[in-house]
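Colleague: For reference, the chains in residue letters:
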Amino acid sequence: MKSGHWVSIISIAAGLVLTLVGWMLLPDAVEAAADGASLLLDPIITKDAPMVPSWFVTAGVLFLSVGLWIGTMLIFIGKRRGVGPGFFIGFVPTLLFSTFAVTPLSLVLSLLTFPLALYLSSDSTKHFGPTFRKYAAYLSLRRLFRGTSVDDYTGTKKADTHRRPSTAWFDTLIWLPAALFTCGMIAILASDLTYTDVGSIEDVINSARMRQALWLSVWTTLTTTVIGLAISIPMGYSLSRYRFVGHSLIDALVDLPILLPPLIVGLSLLVFFQTPTGRWIESIGLSMIYQKRGIVLCQLFVSISFGIRAMKLTFDGIDIRLEHVAMTLGRSRVGAFFSVALPMARRGVVTAGILIWTRALGIFGPLMLFVGAVEGRTEVLPTTIFLEQSVGRIEMALAVAVLMVIVSAVALVTIRIVGLTER
Amino acid sequence: MIRIENLKLQLGQFALDDVSMHVRQGEYFVLLGPSGAGKTMLVESLCGLIRPDGGRILIDGDDMTAAPPSHRRIGYVPQDYALFPTRSVDGNIHFGRNVIYQRERAIAAAKRKAAKRNGVDTVATTDDEPINYKVNVERLTESLGIRPLLNRKIDGLSGGERQRVALARALAAEPKILILDEPVSALDEKTRDETCQLLRRLHREAGMTTIHICHNLAEMLTVADRVGVIIDGRIDQVDSPRGVLDRPATLAAARLLQSENVLPVSRIEDIPGPVEANRDTFRLRIGRTTELRTSTCGDDSEYRGHQWYAVIRPENIRVVTPGTTVDPNDGTVEITGRIDSLRDAGSVVSLTVHIEDDIDLIVTVDLATLAQNPLTPGSVIHMLVDPDCVHLVK
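So the protein sequences, as listed, match chains A and B. For the first sequence, the numbering used here begins at 306 and goes up steadily by one. For the second sequence, the numbering used here begins at 90 and goes up steadily by one.
Since the hints were made in silico from the structure, they are not lab data. C-beta: ideal position from N, C-alpha, C; glycine also. What you were told as hints is all true, and nothing was included just to trick you.
Computed list of chain B residues with no C-beta within reach of chain A, every gap over 12 Å: (1) Asp149; (2) Glu227; (3) Asp335; (4) Glu349; (5) Asp446; (6) Asn462.
The following label-pair restraints were derived from C-beta to C-beta distances: (7) A:Ile589 with B:Asp142: 43 to 49 Å; (8) B:Ala275 with A:Leu568: 51 to 57 Å; (9) A:Asp621 with B:Lys223: 35 to 41 Å; (10) A:Ile589 with B:Glu193: 49 to 55 Å.
Which residues of chain A face chain B? A few of them, derived with a C-beta cut under 10 Å, are: (11) Leu627; (12) Glu628; (13) Val630; (14) Thr633; (15) Leu634; (16) Gly635; (17) Arg636; (18) Gly640; (19) Ser644; (20) Val645; (21) Pro648; (22) Met649; (23) Arg651.
Bound-form chain B, shown alone (with noise of 0.2 Å):
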C-alpha cells in the first residue's frame, strides 16, 4: 500500500536517514519514537509537504515522490488539528468534499463528451446525476457524536470535539490513507482514552490503511496493529506490538518502550556450561556473579566487541517459594534476591528486588500470588527466568 524506500531528508537539526518502511492495505501501523525523532517529518513528506532530499514513496505502487499533496489522497490530521477558524463545523467538514464534487463532474463531463463524439447521445449522464459518494457524511458525523456540532464555530468547541471534526474531515475527502500525527496527545486522560477506542472502533468499521504516529505506551498498544519504531531518524524495528515490547531491537527502543529491566550483561565464554539437551541457550552473567541464560539470540559472532544488555519484562519473571524443583534441561535459571521496596500497581504489586550490588530488578506478582507468599521489603525471594523471555539488545 505504502512503501517507502531509502528516504532522505534534512531540515535544520532534524533528519531523517534512509527510512525504508512498508504499511499494508488496510493496516493500522503506528508510528511510535521520542519527540524530535522525525516522526512528523516523515508523514509530512509522505503527505507531500516536505520535499525529501532522496529516496521514492510509494503509494498503490504508483510513485508519489513528487505528487503535490492534492494527487496523493491523503487524509491529514495535524497534531493542531488545524481546523479552519473561518468555516463552521459543517464547512470544514465538507472542504475536502467538494474537491470529490469537482472531480466527480469532471468524469462525468469527459463520459459525456466521449459518448457525443461517438454519436450516442441519449447516454443518462447529466449534471443531475447524483454523486457517487463512498463516505456517508451523516453516517460518519452521527458515528463520530458530532452531528448536533455541525453548525456551530471552530472557537468554541473543546479540544475532544476538535479532534473529532478534524477527523470527520479527513474521512469525509474519502482518502486512501488516513494519517493522524498525535491526534490525542493534547486531550486529557479520559477523552484520550476514548478517542483511543473511537479510532480502533472506526478502524474496525471501515478498514482504513491509516498511520498514527504516538510517544505513548498505552495507547500503542491500545491501537495498533504492527508498529515501527523511529528514534534519531532511523526506523528501528518493525513488529507487532506485543513482538516491539517483549523484544525490542535496539536499547533506545527498549528504554522508550519503559522496559524495566535493561541489564548490561555479557558473554560467558570461558565457563562450559551443563550441555543442554533440547535447547539452544547461551549463557550470560549480569552483574559479577548471577547468571542469565537466553534463548533468543542466534549467532554469537555478532556479539563480540560491544556492550550488550539484557531486556527481561517484569511479567516474566516467576516468584516462586524456596525448593520449587527446576528442570535443568530447560535452561531456566533461578536467582534469588532481596525485595527493596512494593509499589501497588492496581492489578499488580511491582516489586524492585535487589540482586548485587547495584543490580535491581523490577519484578511484578499477582494479588492471588501475593496472598499465597505474603512479602515485605527485606525478605528473599527466589525468581525463575525463563531463557525465551530474556531478550538481548545493543
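The shape of chain A in the complex, shown without the other chains (with noise of 0.2 Å):
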C-alpha cells in the first residue's frame, strides 16, 4: 500500500464522521435560522446560523474530498487509464458535495486538495512505464483479489489496454471543461429539485389550469411532430439524394431557424398574416394570431429545422446503390424507398420526431407574440412557467419546469437507447 492510500482511507474516514456529526447537528440550525425567510431569497443557511455545526459539515467535506479524490485517481492510475478521467471522476463529487453541503469555503478548499491528490499520486503520474515497478505492492495486492496474471514489473499486457502515454496537466486541463459543465449541469437541475417538493407537483396536476396547459402543450407538440415528419422526411431526401441549382441555398435555408433567434420568427408570422396572402388565408377559415392552430404553426417554423437537418444526414448515410438493388430485384422507386431507405433511416425518424418535438414543447417567446399568453386558451406549460413566475407563484413554475425537465429528459435517453441499440 502506498501512503497516498492511507491518506485517502483515512481522509475518507474522517470526512464521514465529521459531515454526519455536523449534518446531525445542522437541520435545527437552519430551520431556526431559516424561519420566516423567503425560500428563494436565502440560501439554506444564513449568517444567523451558528457557526460551529457548519464548519463540522464543511471539514468533513473537506477530508471526503481529499480522500475521494485521491483514492479515485490512484485507482484510476492503478487500472493505467490516466489522470484526466481519475481527475473528473473525483472532481465532480468533490465540487457538487462543496455546493450543496455547505459554505463556499469548502469548494475553494477542496480545489486546493488537487495539487495534494496530484503530490500523493506523482511518481506515477509523470509518465508510466519504469515508474510502474514502484507499484508492485498495488499491483501485487491487485493481483491477490483479481487472481490475473498481469505481468504487472513490465508494465505489459494483458487485459488493460488504456495504457497510452499521458501527461498530468495536459490530462487535467482537458478534462477541466468537461468537470465544470458536468457539475454545471447537475447542479441548476438538482437546485430545480430541492426548491421544489411533492407537493407542489401534485398541486399542478390537479389544477385544471394547469392540466389544460399539460393537454394543450402534449396535442400542439404531437401535432407539430406529425406534420413536421412528413415535411422532413421527404424533405430530407430530396435534398440528400438530388443536386440541383440553388440546392446549396435552400440547405442554407434550413439552417436558418435554427440561427435565427425564435422570437424573430414570432414576429415575421405576425407580419406575414398581415400581407394580403396572409388575409386571405384568415379569410378562409384557417385563422392563426391568438388561435391554437397558430401555436402549431410557431412550433413548426421553429423547430422543423431540425427534423430537415436530421433527416438529410440520416439519408446521406445511406448508399443510394441499396436502392438501385432493391429496383432490379423488382421494386419500383417508390417501393425502394419504402422498403429498402426508410426502413433503413427509422433511427433517423425517430431522432428528427424527438428533436422537433422537445424543441416545440421548449418554445415560448414567439408563442407570446403571436398567439399571446392568454390563460386557459393559449397557455403551454412554458406559458405556464412565465405567467406564474410573474404573479410571483415561483413553487408553481418550479414544479411545472420539474415536469419538463422529467419529460425532456426521458426523451433524452429514449434518443440514448434507439441510438445505441442495434440498427
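Each of the two chains sits in its own frame; use the hints to bring them together as a complex.
Modeller: Written out as C-alpha cells, the structure is:
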C-alpha cells in the first residue's frame, strides 16, 4: 500500500464522521435561521446560523473530497487510465458536495486538494513505464484479489488496453471543462429539485388550468411532430439524393431557423398574416393569430429545421446503391424507398421526431408574440412557467419546470437507447 | 440474348463511347478493363440505373433501353454487395422473391377472372395454389454454403459470406441475366479463388447468362467463356480468354493483359527476304538489327503510318541449344541474346534476355528444359519464334 492509499482511506473516514456529526447538528440551526425567510432569496444556511455545525460539515466535506479524490486518482492510475479521468471522477463529487453541502469556503478548499492529490499520486503520473515498478505492492495486491496474471513489473499486457503515454497537467486541463460542465448541469437541475416538493407537483397536476396547459402542450407538440416529420422525411430525402441549382441555398435556408432567435420567427409570422396572402389565409377560415392552431404553426417554423437536418444526414448515410439493387430485384422507385431507405432511416426518423418534439415543447418567445399568453386558451407549459413566475408563485413555476425536465430527460434517454441499440 | 447497340453515355469525366456488344444465351461473359474504363457505368445502364444518352439495349430481342430496372429481370450484385442491413440473411434472400410471388398471384388472379368471364367457374386456381418457383431457395443456399447463416444479421458476416448472400439474393429473384460487378475484388486471395470456382460451378449447373466485371487476369481466365476488353469507354475486343491473351487487339489491351513482350517494330519492306514457300509472312524488325516474322496480319496497307508493336507471349518463345536446324520455309526466326536475370515463378522459370540496346525479351522455360540445359545470368542463348505467335498491335 502506498501512502496515498492510507491518506485516502483516513480522509474518507474522517470526512464521513465529521459530516455526519455536522449534519446531525445542522438541521435545527438551519430551521431556526431560515424560519420566515423567503425560500428563494435566502440560501439554506443564513448568516445567522450558528457556525460550529457548519464548520463541522465543511471540514468533513473537505476530508471526504480529499479522500475521494486521491482514492479515485490512485485507482484510475492503477487501472492505467491516466490522470484525466481520475481527475474528472474525483472532481465532480467533490465540487457538488461542496456546493450543496455547505459554504463557498469548502468549495475553494476542496479545489486546493487537487495539487495534494496529484502530489500523492505523482510518481506514477509523470509517465507510465519504469515508474510502474514502484507500484509492485499495489499491483500484487490487486492481483491477489483479481487473480489475473498481469505481468505488472514490465507493464506489458494483459487485459488493460488503456495504457497510453500521458502528461498529468495536460490531462487535467483537458478534463477540467468536462468536469465543470457536468457540475454545472447537475447543479442547476439539482437546485430545481431542492426547491420543489411533491406537494407542489401534486398541486400542478390537480389544477384544472395546469392540466389544460399540459393537454394543450401535448396535443400541439404532437401535431407539430407529425406534420414536421411529414415534411422532414421527404425534404431530407430530396436534399440528400438530388443535386440541383439552388441546392446549397435551400440547404442554408434550412439552417436559418436554427440560427435565428425564435422571437423573430414569431414576429415574422405576425407580420406575414398582415400581408394580402396572410389575410386571404385568415379569410378562408384558417385564422392563426391568437388561435390554438397558431401555436402549431409557430412550433413548426421553429423546430422543423432540426428534423430536416436530421433526416438529410440520415439519408446521406444510406448508400443509394441499396435502393438501386432493390429496384433490380423488382421494386419500383417508390417501393425501393419504402422497403429499403425508410426502414434503414428509422433511427433517424425517431431522432428527428424527438428533436422536433422537444424543441416545440420548449418554445415560448414566438408564442407570446403570435398567439399571446391567454390563460386557459393559448397557454402551454412554458407560458405557465412565465405566468406563474410573473405573479410570484415560484414554487408552481418550479413544479412545472421539474415536470418538463423529467419529460425532456425521458426524451433524451429514449434518443440514447434508440441510438445505441443495433440498427 | 443481350445486345447493346451504339450505347453512348457521358457522366462527369467518365464516358461510354459508342459501345456495341452481344452476349449470348447461357454465356459467361467477362468484361475486363482497368478502373475508370466505364465497366460499372455500362452494367448500370444495362440494369436501367442510368439512362444512356444514346443507343439501344435489347434483351431477348425486346428493346429495354427505357424499361425501369424492375422490369428487366437482371440480377445485379454490385461491388460492395449492397446487402440490406435492416433484414436478416434470409430476409435479404427473399427480398426479390416476394416480387415473383406477387407476379404469380397477379397472373393467377387474371386467369380466374378470365375463367369467370368465360363461364368456366371451376378452374382450380385459388390463392392456395403453390407458386411455380423455378429456383429452389433451400437448394440454392445449400449449394452456396450459406444455409447456417440464414438467421444471422448482415453486420456480422465476413466478406466472402456477404458475397454469397448477395449472389443468393440476386439468384432467388429468378433473373434472366446475372451481373456481377467485381464480385471478388474485395476478398482475400484464398476466398477469391474459392469464389471463382463457385461461380464457375453455379454457371455450369444453372447455365445462367452471366456478365462478370473484373480487372484481374487470373480471375478472367478461371471463369470466362468470352471476354470483352473495355478501355476508355470503348470495347476494344471481344474474344475467347485465350484469344485476348494471345492476340490483344490494341496496345492498351496488351498492356492490360500484362503481355510481357510488347516491342515496337518496323516493317522491313526494302529488304527482299527469302521467298516463303508455304506461308504468308511479313518481315519485321525490332531494335536495329533483330528480325522477326509474323503471319498473323493480313493486309499490309493498314500498317503504314502507324507505330506498331509486336506481342509475343513468353511461353511461345522456344529456347534451343545451338545448332538446332531451322526449316527455312517455316518462317521461324532464330534470335540470340544474353540472359540478364532468372526469376523462379514456381512451375516455370522466367528469363529476362537482353537482345540489343534497350530491347529485352521475357522468356519462360519449364523446369525439365532447365534441367537439361543449365542457364545462368550472362550466358548466351538461342531462341526460336514461330511467326504464328507474333501478334501485331497498333
